[in-house]
Amino acid sequence: MERPRHQGMAKNTYMRWRLPLVCLLWEVAMIILFGVFVRFGPEADAHWEEEKQEMNVTSDIENDFYFRYPSFQDVHVMIFVGFGFLMMFLKRYGFGAVGFNFLLAAFGIQWALLMQGWFHSFKTGKILIGVENLINADFCVGSVCIAFGAILGKTSPIQLLVMTLFQVMLFAVNEYILLNLLHVKDAGGSMTIHTFGAYFGLTVTRILYRPNLEQSKDKQGSVYHSDLFAMIGTLYLWMYWPSFNSAISEHGDAQHRAAINTYCSLAACVLTTMAFSSMLQKKGKLDMVHIQNATLAGGVAVGTSAEMMLTPYGSLIVGFICGIVSTVGYVYLTPVLESRLHIQDTCGIHNLHGMPGLIGGIVGAITAAAATEDVYGKEGFIKAFDFTGSYKTWSPSVQGGFQAAGIVVSLVMAFAGGALVGKQEGSMERGVLSSACG
Amino acid sequence: MERPRHQGMAKNTYMRWRLPLVCLLWEVAMIILFGVFVRFGPEADAHWEEEKQEMNVTSDIENDFYFRYPSFQDVHVMIFVGFGFLMMFLKRYGFGAVGFNFLLAAFGIQWALLMQGWFHSFKTGKILIGVENLINADFCVGSVCIAFGAILGKTSPIQLLVMTLFQVMLFAVNEYILLNLLHVKDAGGSMTIHTFGAYFGLTVTRILYRPNLEQSKDKQGSVYHSDLFAMIGTLYLWMYWPSFNSAISEHGDAQHRAAINTYCSLAACVLTTMAFSSMLQKKGKLDMVHIQNATLAGGVAVGTSAEMMLTPYGSLIVGFICGIVSTVGYVYLTPVLESRLHIQDTCGIHNLHGMPGLIGGIVGAITAAAATEDVYGKEGFIKAFDFTGSYKTWSPSVQGGFQAAGIVVSLVMAFAGGALVGKQEGSMERGVLSSACG
Amino acid sequence: MERPRHQGMAKNTYMRWRLPLVCLLWEVAMIILFGVFVRFGPEADAHWEEEKQEMNVTSDIENDFYFRYPSFQDVHVMIFVGFGFLMMFLKRYGFGAVGFNFLLAAFGIQWALLMQGWFHSFKTGKILIGVENLINADFCVGSVCIAFGAILGKTSPIQLLVMTLFQVMLFAVNEYILLNLLHVKDAGGSMTIHTFGAYFGLTVTRILYRPNLEQSKDKQGSVYHSDLFAMIGTLYLWMYWPSFNSAISEHGDAQHRAAINTYCSLAACVLTTMAFSSMLQKKGKLDMVHIQNATLAGGVAVGTSAEMMLTPYGSLIVGFICGIVSTVGYVYLTPVLESRLHIQDTCGIHNLHGMPGLIGGIVGAITAAAATEDVYGKEGFIKAFDFTGSYKTWSPSVQGGFQAAGIVVSLVMAFAGGALVGKQEGSMERGVLSSACG
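Chains as they are written, first to last, in UniProt numbering: chain A, 1 to 438; chain B, 1 to 438; chain C, 1 to 438.
To be clear, the hints were calculated from the coordinates, so they are not data collected in a lab. Fair warning: this is a prediction, and the values are worked out from it, not measured in the lab.
It does not matter which identical chain is used: a pair holds within one copy or between any two.
Derived lysine-lysine pairs resembling DSS-like cross-links, with alpha carbons at most 25 Å apart:
#1 Lys154 with Lys282
#2 Lys52 with Lys383
#3 Lys392 with Lys378
#4 Lys423 with Lys154
Using the sequences and the hints given, assemble the complete structure.
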């Protein structure tokens, strides 16, 4: 049953041997590393039956699985369907977007389980995994999908895999610095996922700049149906974002609060996006690109603060601002970035993840600095910011300062890492071209 | 990165300033009202850590979030993907359906949080919200999406927003009369959502009747792919309807039962829809419109009774009947409504929500009236119908009577409200036309 | 509102009366049988309020509903959207795939509730159903959807319904033999769902072999957009497979573990599928058929063992192997099956469900046989394999042996049942043809 193959898939004849080899070798490496390091965490291990009794857990429902699995599945859909389909708007690149997104994400989650595991779940020589690790692996890959959005259509699958390899490593290091060394709160990843992913991708695309790409502008166009597929991606990202921002928050009120704040911020963001999209177009019509992207900025921008007492009206304000910033970015900033700075941002990730991610980091720092025992309650205050152990003496303003430091660290890591990986990708490309010509 | 804009979006040149202004002003109003009124409910507030101890809650999992969040996400998908894509079947209106549905729902949920909050969650001057409020806001907007189905293609986004503003208010009033004053049970909203939404929308479309709309019949056609997109909408509504009907039922057996009843009713409905669709077509072929719509009638019609002891076979009977009623409605009633009563029902909501909603109200009244302590158990009986406090002396037949009264109230509210809003919309339209010609 | 009808739906003029009659009669039969036999299980019955107290259940959250409902909804999406859209790749058969899948599944789940109920949930003359029964009914229908994939495009809706009727019965018998008589573990259904469904369908398609079908090869082609719709099916199957394999496992660690194992196996499978797809194509391009199908084989192949202590690296190994086996099957085996054995396997279910299902059965037998008290813990060991009552003395190797026997039984039932049903279908077809010519 042979079917015609599609244009979307790259025609690189070198793929024939290189892609299979890379995939197989890396998967073998994963198996070996998993064999040496990865085991089930206590709540997924058959020993839990005994451990439950020791820990006085009275019911099976108090397994972390039941707190987080529904959110995990929503996040999973966001990574594979949400990001995959959102990038499908390019006329000739539907398969590429979904297919390569599938490939890099499937590789990335395995590698992320290892990298994040070494930093966060390493006990007595083993990485012990549970549902929270699966969510974190998806999160990490999310930042790669974001970066992919900037270079969409410019790289081969191999280059994508190499980028994934390095970006996952750098993500894990950055996350470790922020969460463990700086004691930063960032459950929805405004800094670790969005800011890092966006500026990493933008740096890579800057280095891979090819001036003659502009000529093939007709390829960048969209058609009616590819826009409808992209709307599927948008809507699943929009609907499930409350799960994204609440997935790894503390059990109970924090998860509950994170979902409500995100819901509010996203709703407000839709209205200001529509308003500015209509206002900035010549004939008052709505631009599909804005609706597909800028409506999501509100979710990005409460990533850090959603689990805090941001309050519903605070969330509305954040969503209000981000819808405007993101839409204005698409209209005025993206063209300038390309013409002046030679940054070809295919999907406009700077408007959807870059600026809203920075805003999210700042909002988080302010919300943390403004926290009081009155608003959180005595115990809630300690629980929300984890002011225990060596952080017992921290004040909200100290926490706010460290949150701000987290933004800077994420930016530095993104620029440095992106430059490194971009150069690597560039040299791979030249290698391919020279051997192709030779 | 400019992309071609599509026909689906209205070309009204007045949109340029009016839509942005309306969106921005309303969003500012939302922020102010949320700032004054909306706060986190006890289970989403950081004080919960302390409150838990006072209320002797032993585990974080007993937060309402874990009882309702998975259902909430399913309902959320139904509103944004389900309704949005279901309406996509019109050839030239794919974007309009999804995009405007997105806009009105995003505005509607904020406004519904306020309106429903004032009626149901108002304590010491504040509206305290939690996951149940999010579900209720989605429900309220669901009734607006239903009404949108009747006027699809006939109104500008501004008119839709104005309709949303009024309909959400009337929905909240109607809901308050039913649930609080009449002590009616309607967890899945056969009356409050479907009957009210459908007859409201039909009244509006009657008033907006334009005879020359018939000429552009070719616009009303569908194409192969738009029908496949519509099937995505249908299937998500169909699959997640058990979550819809069980989302705000009492914890425990009531939620469990509501899901089972809805599952059964929907399954039966598919078979009778297919049977009558095939039987009533000239060549025995299946009509996609029926499959896309009538298969869902079974979910609508157990909206009131699903959480009661309707029993699985009772649900099958309801689904059996509704598949027939709905399909026959599409074949015979819709054309008559248009030619005789001048009601242009674009999506056929009378067949999917109107008649099944009425049936749902009646089935609910009968099921309530037929309840006995034997079937429910002594405590289950009291819990199921909330026969406590001033309702301690109510008998099932009294409950049944009040349920029936709820149907009448919903219809009256729908007709009166629809007439009011329809006239308002009509005058807006004339205003636009006259200024356009002037 | 009449819309053009599409080619996908069969044009059989005999459908006009036969399909409606069959649907209506069967639905009436369902109502009667449900009326006589089906009632709510204790956790969905209003008596639960009292039962809770007797059973010392302290919280409503310990209702099975909250353990399984999120997984149920994911499985539901897999059956209706996953299987429905996956089969949509055939150019002219989009509606047929989704529509007929919808019809057979809606009928099948009702019939499965009865058949499985008689075997597994029959107490004091009644079938008592809860959320686990809904999942099992969906599972049973899943095996019919698999078989449908082999005969897609060759049968009328009536033939499909007849096949569903018989296959559901045989499924229930086979499941009863395996789970109850042989004490086999198979929570994700490698044997009962995939092996049985695939070889059943292949036997049916062998008997329905029509040599001239090859000529209409252009009908078998796919187009760009139908491939994108198929990717929706693929991704939802891939993402929700962890829910599929964990849906009916024991509460707590077993569900948790099953999700993790499946997640790992699927991720590995994507990489080897991409590798071999690229390697075996002439120009190194990826074949969409492989990406749409073979990437899922890893989920099938851990169906039996996912809830056991397979460990994450064990899962990676299984996924690694299955991606290769399945892709190689599409390239080399499917053409041979058609040319030599006259088995026209439209969707290649032998590669996606047949071989991976067999591998899954074998992996399960080995994993069970290799179990030790050391790995599972004393109590976890007993709980995992249910070594209580008359199975108290069973050793892992005995369990492994019986697991292997389960594979053989499933195969025998599939071949025998498929032959029976295939002949029945063939005679129906001749009946239709002769009356059509007469």
